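Trainee: Here is what each chain is made of, one letter per residue.
2 protein chains.
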Amino acid sequence: MYRIGELAKACDINNDTLRFYEKNALLSPSSRSESGYRLYTEKDKDILQFILRAKNVGFTLAEIRELLSIEVNKADNACADVKELVDTKLSAVERKLAELTRFQTSLKRLSDACCGGEESAEHCTILEALESNTDDVRHEHHHD
Amino acid sequence: MYRIGELAKACDINNDTLRFYEKNALLSPSSRSESGYRLYTEKDKDILQFILRAKNVGFTLAEIRELLSIEVNKADNACADVKELVDTKLSAVERKLAELTRFQTSLKRLSDACCGGEESAEHCTILEALESNTDDVRHEHHHD
DNA sequence: CTTGACCTAGGACCTAGATCTAAGGTTTAT
DNA sequence: ATAAACCTTAGATCTAGGTCCTAGGTCAAG
Numbered sequence: 001m002y003r004i005g006e007l008a009k010a011c012d013i014n015n016d017t018l019r020f021y022e023k024n025a026l027l028s029p030s031s032r033s034e035s036g037y038r039l040y041t042e043k044d045k046d047i048l049q050f051i052l053r054a055k056n057v058g059f060t061l062a063e064i065r066e067l068l069s070i071e072v073n074k075a076d077n078a079c080a081d082v083k084e085l086v087d088t089k090l091s092a093v094e095r096k097l098a099e100l101t102r103f104q105t106s107l108k109r110l111s112d113a114c115c116g117g118e119e120s121a122e123h124c125t126i127l128e129a130l131e132s133n134t135d136d137v138r139h140e141h142h143h144d
Numbered sequence: 001m002y003r004i005g006e007l008a009k010a011c012d013i014n015n016d017t018l019r020f021y022e023k024n025a026l027l028s029p030s031s032r033s034e035s036g037y038r039l040y041t042e043k044d045k046d047i048l049q050f051i052l053r054a055k056n057v058g059f060t061l062a063e064i065r066e067l068l069s070i071e072v073n074k075a076d077n078a079c080a081d082v083k084e085l086v087d088t089k090l091s092a093v094e095r096k097l098a099e100l101t102r103f104q105t106s107l108k109r110l111s112d113a114c115c116g117g118e119e120s121a122e123h124c125t126i127l128e129a130l131e132s133n134t135d136d137v138r139h140e141h142h143h144d
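Heads up: the protein sequence lines correspond to chains A and B, in order. Numbering (this note's numbering) for the first sequence: 1 to 144. Numbering (this note's numbering) for the second sequence: 1 to 144.
The set of hints was computed from the structure by calculation and includes no laboratory data. Note that the structure is a prediction, hence the values are computed from the model and not measured. Each hint should be verified, as a subset may be incorrect.
Pairs count within a copy or across copies, as identical chains cannot be separated in the list.
Only pairs whose alpha carbons sit at most 27 Å apart, straight line, appear in this in silico DSS-like list of lysine-lysine [unchecked claim]:
hint	residue 1	residue 2
1	K43	K108
2	K108	K83
3	K55	K108
4	K55	K43
5	K45	K108
6	K23	K9
7	K9	K108
8	K23	K43
9	K23	K45
Can you make the complete structure from the sequences, with help from the hints?
Mentor: Structure (structure tokens):
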């Protein structure tokens, strides 16, 4: 069991952020001490880390709340609804993955061109690096 | 040449957002009309799209400003500095990629388990799906 | 039994990022 | 030549996501 300060320190966030997440229905401590102190379990910590990771890759707290609320209830026909939500989030993740992969390629190219690359004159900015990596090339090379 | 309203509409953002980006040194129109209207080129549009994509994958405007300022100057020994910045951003991108891949796996698993999967009872929440996907398993299976 | 580190609730305050308002100038179409 | 749709600047306002402040309660160590 962690008290608020312990969990906050372990995850390198502010105590108030934990209170804020509680108020905003993202993470509530599993219990309270006699005197009202918040008590968090290992599982609470896992949830917190999930929240922090999700935030880091660009999900809003509202989206994270949705992700956390996903429950496949096999006995329930809300299952189709759940699947729809999951698939929607999956598409969002896949779009982000595609963007990031593009950034990665460009930055690698830029890194390689820099300091020692013979072709450094070619790829001078992140934008040029990205352009040569573009797949929706339009109205270019139209000289026949 | 796009006027502010045209570019904004083309990229599905607000006119004011473009003025905001200009004030914050992210994107300035290449020129102005006689009467002072902002005039954006195709290249400006590319930069804008870069900004929007970067935002979408969780970069702050400050980080995006840094990315945009990257210039490999082959005649200059600031090159090492540039490489360092690029490599720092590359690490950030690769961390995000790893996180996203993890989300993707979990969401896929969840989607498959739902509506028709026979193992749906096993993977009921995004958290459980993630847990079984965790590679930093700690203090588990310690019964000898 | 008190000092210091911790906790409580409730509300004020802050930053980033964006959007809106006010007062007016420009362009295009009729 | 005048309305409608667009643009200008400057500054106020809004939302998300926190962070800080006040006034007080809790708890371990000396």
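Trainee: Hints numbered earlier in the text: which of these fail when held up against the supplied structure?
Mentor: The structure breaks only hint 7.
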